[in-house]
Amino acid sequence: MATAEIIGSATDVNSIVAALNTIANSNDVLFLVVFGALVFMMQWGFLMLEGGQVRKKNVNNVMMKNVADWLIGCVSFLLIGYVLTTSLDPSAFTAWWGKIFGTASFLADNGLELATWFFGLVFAATAATIASGGVAERMKLKSYLIASAIITGLLYPLFVYIGPWGSELLVFHDYAGSIMVHALGGFLALGLIIALGPRIGRYVKGKAIPMPGHSIPMAMSGAFILAVGWYGFNVGSSLAVGEISGLVAATTTLAMAGGGLGALLASNKDVLFTPNGLVAGLVAICAGTDIVSPIAALVIGIIAGIQVPLVFKFLEKKGIDDVCGVVSVHGTAGIIGAICAGIFGSAALGGSGDVSLINQLIAVVVVVLYGTGFGLLLGKVIGYFTGGIRVTAEEEKLGLDLAEHHLSAYPEED
Amino acid sequence: MATAEIIGSATDVNSIVAALNTIANSNDVLFLVVFGALVFMMQWGFLMLEGGQVRKKNVNNVMMKNVADWLIGCVSFLLIGYVLTTSLDPSAFTAWWGKIFGTASFLADNGLELATWFFGLVFAATAATIASGGVAERMKLKSYLIASAIITGLLYPLFVYIGPWGSELLVFHDYAGSIMVHALGGFLALGLIIALGPRIGRYVKGKAIPMPGHSIPMAMSGAFILAVGWYGFNVGSSLAVGEISGLVAATTTLAMAGGGLGALLASNKDVLFTPNGLVAGLVAICAGTDIVSPIAALVIGIIAGIQVPLVFKFLEKKGIDDVCGVVSVHGTAGIIGAICAGIFGSAALGGSGDVSLINQLIAVVVVVLYGTGFGLLLGKVIGYFTGGIRVTAEEEKLGLDLAEHHLSAYPEED
Amino acid sequence: MATAEIIGSATDVNSIVAALNTIANSNDVLFLVVFGALVFMMQWGFLMLEGGQVRKKNVNNVMMKNVADWLIGCVSFLLIGYVLTTSLDPSAFTAWWGKIFGTASFLADNGLELATWFFGLVFAATAATIASGGVAERMKLKSYLIASAIITGLLYPLFVYIGPWGSELLVFHDYAGSIMVHALGGFLALGLIIALGPRIGRYVKGKAIPMPGHSIPMAMSGAFILAVGWYGFNVGSSLAVGEISGLVAATTTLAMAGGGLGALLASNKDVLFTPNGLVAGLVAICAGTDIVSPIAALVIGIIAGIQVPLVFKFLEKKGIDDVCGVVSVHGTAGIIGAICAGIFGSAALGGSGDVSLINQLIAVVVVVLYGTGFGLLLGKVIGYFTGGIRVTAEEEKLGLDLAEHHLSAYPEED
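Protein chains in written order, with the UniProt record's numbering: chain R, 1 to 414; chain W, 1 to 414; chain V, 1 to 414.
Just so you know, these hints were derived from the structure itself, not from any lab. Some clues are possibly wrong.
It does not matter which identical chain is used: a pair holds within one copy or between any two.
As the list claims (entries may be wrong) - Below, computed lysine-lysine pairings styled on DSS-like, alpha-carbon distance capped at 30 Å:
hint, residue 1, residue 2
1, K142, K269
2, K317, K397
3, K397, K142
4, K313, K207
5, K269, K380
6, K380, K57
7, K99, K207
8, K99, K317
9, K269, K318
10, K99, K269
11, K99, K313
12, K397, K57
13, K317, K269
14, K99, K397
15, K99, K318
16, K99, K56
17, K57, K99
18, K313, K205
19, K99, K380
20, K99, K205
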């Protein structure tokens, strides 16, 4: 039945208001599903960005990690994560579990609650999948999947609960998740990377040996897919069409441009740093996308883009083997974004003023400690239960595609 | 002119109701175009999923089949298929043909009728393109395209006419097309595959020889593209934004997760069965996506995913050379979905209760017979007119890219 | 806050009208962001279509051109281009520059102005990126980027200003930009291609030597991505959801089908001409997509598709080395589309009648002169400042990936 027929019977103020409510709820569901589908597309973007940046012998494995963390994330966010984002009360869990075995409570308001769950899920899955790019080419699939389930089921939701999207124990401004999603994912990755150690051959006599991935076009595609999905990520963060903001679309675009340009210049036209810098610009704008000016967004992006090659090389020297550069692209870009939201969000610099730099800095300290700490802990604890989180040296040399999946990415080339 | 200006003159109940009608119709067109574009994206998803699963020498050919069946489907669904879905009356055809040579009748209501046609088309094209994955690497392009035109112009529309979306001669519950689209496509493929026979070298002394495709990342990408498009496919099946359902977004997601996990476990982390299982979960949920609980959707997905490697290997043993596994991914997953809608849709299991298991079983029998029967018949009849539906042994050995298109997929590798 | 809560307080006509205005503005922003994101996706489509059609040694370079012209286009369209599309008055620029350093003026009406800016930007970026496919494999990155900045910042906006979307000095019908975007981009490319000259080895003793690209699947993917994005491009051209047209979705689809079929037949199933023909059909329908009948759209597409191989081969004979065929796909298809809008848009042929063939022909002459002329001029002037727009013969033979970026597209294959 066409929507016009549903509202067709409106003849007085009461029936008009009822029609308006149907329009409002159904538009909100449309909004959440369309933008949520764009954010879901980012799962594919990560798969491509990471797949392109690993060597041929590990492509299937990193892609399977990306696929499987999504699959597992759906289940853990359904059973535990979603409720945990807003409540620690056991009765909230039993109430939710009562509902998801049925349909009755989801038929009202066009199922707005489940559309909201879906949108929350794709954010949780983004936070979780970031780590896979850091730990690629040597982490066991099994160990990785346990870590991923714990991230989507516990660590991310608990962090949301503490922060501004949940109980507001910790108050700061983070519209779309520079801290909540990206810095969290990036520093969880850092902890896991430290726990794992570098790939065999990555350092020879203390000197870093570059290991470029197998397909730059695949990595470039990944960055573009992420960028497309980011419009869902940022603009969708209003959670309702009635509060949508065109400013967010513009600042997202301009930070992307700044990030790509910053990295392009800082890396002398490097074909991997440029798309990664573009993504870093997008990461950095998430926090203040709704409160900074278009020009400020461009500046935030440029800063985030320039730091990608610098931070990547700094960490590389420190023995941190971050295969896809996720610590710089999501971790440091995320905290830069949070800090910049505190600076450029101030009324003095053209922002809306609705932000405190102190609170932003506190959030930065918390996410670095929470992320790195739990990342390290995950590595240790899961390693205890899975006989170490790292594949054997033989498996690593053979490649994880043959070692774990018995098929290479391009079977006819064997 | 901004929408606010269009409705700006509303000052009384009548003008408000007029404004509401403009909003309703234009939102419905937006809904159909956005979700229709997502479903159209699935054409590309099939192209990638199938392209990755064939050998290097047949990639262009399978992609051209996917492109061309879309091109031809647009024309045949315009001229015949669309009207046939709702009417067998010749006057309905002449009325439609009168309209499509002009624009006058499509300017009212924001062109809602043509938006509906577009959404119907992308479904018809999905049903048609499924077969290409089964018959790859040996079916003549010409024969395939004739089959495809008949499917989008006649066989699919006639099936819609008979079923619950059309005249309701056959009544069953199939919200987004587990039966109407996927099982139909899968069993048409089965008939064509039987008519074709297996590829040269696929069976040696009665033993099946695996022929893995040339690019697992391409196949994985295809599965993800399909998954993104599926949100359009399922959530769009309300056909109007006023009847959109958040439950559908959630059950679609959870069946995808179940399908991927089921196949991952049943195939021991296989890199082709896992993405195909994910798709099978999506196929299976189409029927009951609006009436089953989130937990039931997860279970439906798991069943559909587990059966993919089992059914594929069973058919393989029976001499059915289904290159991309479309019979298990679309055919059997589709009928499992229809049956599960009958089970988990019952009020006793938390469903909305609006379904009859008997009717679902009848629909399953009908689609298996209709699909397989017409698939076989298509193979025989088209073969009669095109000198056999199969390329010569020389062409098959050379590869269909050079034989039919005179260019290989990766020209610099020759 | 859910949209229903925002409008929940409506109790009389005044508050209902206020609610309707919130719905109208927020829906328009949703419309512009979703369709704008689809159009942005076309940047990735061009990257893939062009990346697949160049040789392995130049893939990164053409992709970097596509990425960087987007990045630079965002900045130049922000600072100059956007204002220039509607005004030459200096005060309009200072007013805009005053606004983009702040947020205050963008918080009203859900930021509708910036959403409109975003949608304008993605169109400008499309016009600019077309050229990269024509000049690939030999143009310096630096020279290209200067050209691209001038196109998005000056040449495209000035053309918009003159034409029907701006001051209407020149009046013709061009709903989505067959002339304004595609023919302009295609003929700018022609001028640049002439200024550059053909690639080394492209002509031997006056005879054209084919240089097929390195990956047909990549090119096919590019065409599909463009096609998906085109629904945003054409349907989004109503600029407001209240004026959305289902006719546009249908004519876009049918012209795509006609274009693909026309090229498939005219090229004997060629795997590059077919996807390019599909794109040419989409280019051609942009002008009249809102005023021609479905059948006329199919015919327009067929004409545009058939001419692609013919025009490409004609230009090839004339010494025009158009690597990706952008002159035929965007240039001539664009002017064919404008002329066909004048013909099939007439009431006599079922069109809405709102078009003058004379005006369309004048626009065609203007765009060919403006595009080719400024393209040539860009080549000469930029060459003067960058030491020629062409890489050295050594760099060209080595490949631009290693010469300009020090990394090949598939590093493990070196």
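Evaluation of the provided hints:
In this homomeric assembly, K142 and K269 come within 30 Å of each other (Cα to Cα) only across copies, at 10 Å, whereas the closest approach inside a single copy is 38 Å. Within a single copy, K317 and K397 get their C-alpha atoms as close as 23 Å, which meets the 30 Å cut-off; across copies the closest is 35 Å, which misses it. For a Cα distance limit of 30 Å, the shortest separation of K397 from K142 inside one copy, 19 Å, qualifies, whereas the shortest one across copies, 41 Å, does not. In this assembly of identical chains, K313 and K207 lie within 30 Å of each other by CA distance solely inside one copy; the values are 12 Å within and 50 Å between copies.
For the identical chains of this complex, K269 and K380 are inter-copy neighbours only, at 24 Å across copies versus 39 Å inside a copy, given an alpha-carbon limit of 30 Å. For a Cα distance limit of 30 Å, the shortest separation of K380 from K57 inside one copy, 26 Å, qualifies, whereas the shortest one across copies, 44 Å, does not. Taking the shortest alpha-carbon separations for K99 and K207, neither the intra-copy value of 56 Å nor the inter-copy value of 50 Å comes in at or below 30 Å. Taking the closest pair of Cα atoms, K99 and K317 never come within 30 Å of each other, the shortest separation being 52 Å inside a single copy and 44 Å across copies.
In the homo-oligomer, the alpha carbons of K269 and K318 lie at most 30 Å apart inside one protomer (25 Å), although the nearest pairing across protomers, at 35 Å, exceeds that limit. With identical chains, the CA atoms of K99 and K269 are never at most 30 Å apart, being 53 Å at best within one copy and 32 Å at best between copies. For the homomeric pair K99 and K313, neither the shortest alpha-carbon distance inside one copy (50 Å) nor that between copies (38 Å) is at most 30 Å. Taking the closest pair of Cα atoms, K397 and K57 come within 30 Å of each other both inside a single copy (9 Å) and across two copies (29 Å).
When the C-alpha separation of K317 and K269 is checked against a cutoff of 30 Å, the pair qualifies only within one copy, where the shortest distance is 22 Å, while the shortest distance between copies is 35 Å. Taking identical chains as interchangeable, the C-alpha atoms of K99 and K397 are never at most 30 Å apart, the minima being 48 Å within one chain and 57 Å between chains. Neither within a single protomer nor between protomers do K99 and K318 lie at most 30 Å apart by alpha-carbon distance, with minima of 50 Å and 44 Å respectively. In this assembly of identical chains, the alpha carbons of K99 and K56 never lie at most 30 Å apart, being 45 Å within a copy and 49 Å across copies at closest.
In this assembly of identical chains, K57 and K99 lie within 30 Å of each other by CA distance neither inside one copy nor across copies; the values are 45 Å within and 52 Å between. Proximity of K313 to K205 under the C-alpha cut-off of 30 Å is restricted to the intra-copy arrangement: shortest distance 17 Å within a copy versus 50 Å between copies. In this assembly of identical chains, K99 and K380 lie within 30 Å of each other by CA distance neither inside one copy nor across copies; the values are 36 Å within and 52 Å between. In this homomeric assembly, K99 and K205 never come within 30 Å of each other (Cα to Cα): the closest approach is 59 Å inside a single copy and 55 Å across copies.
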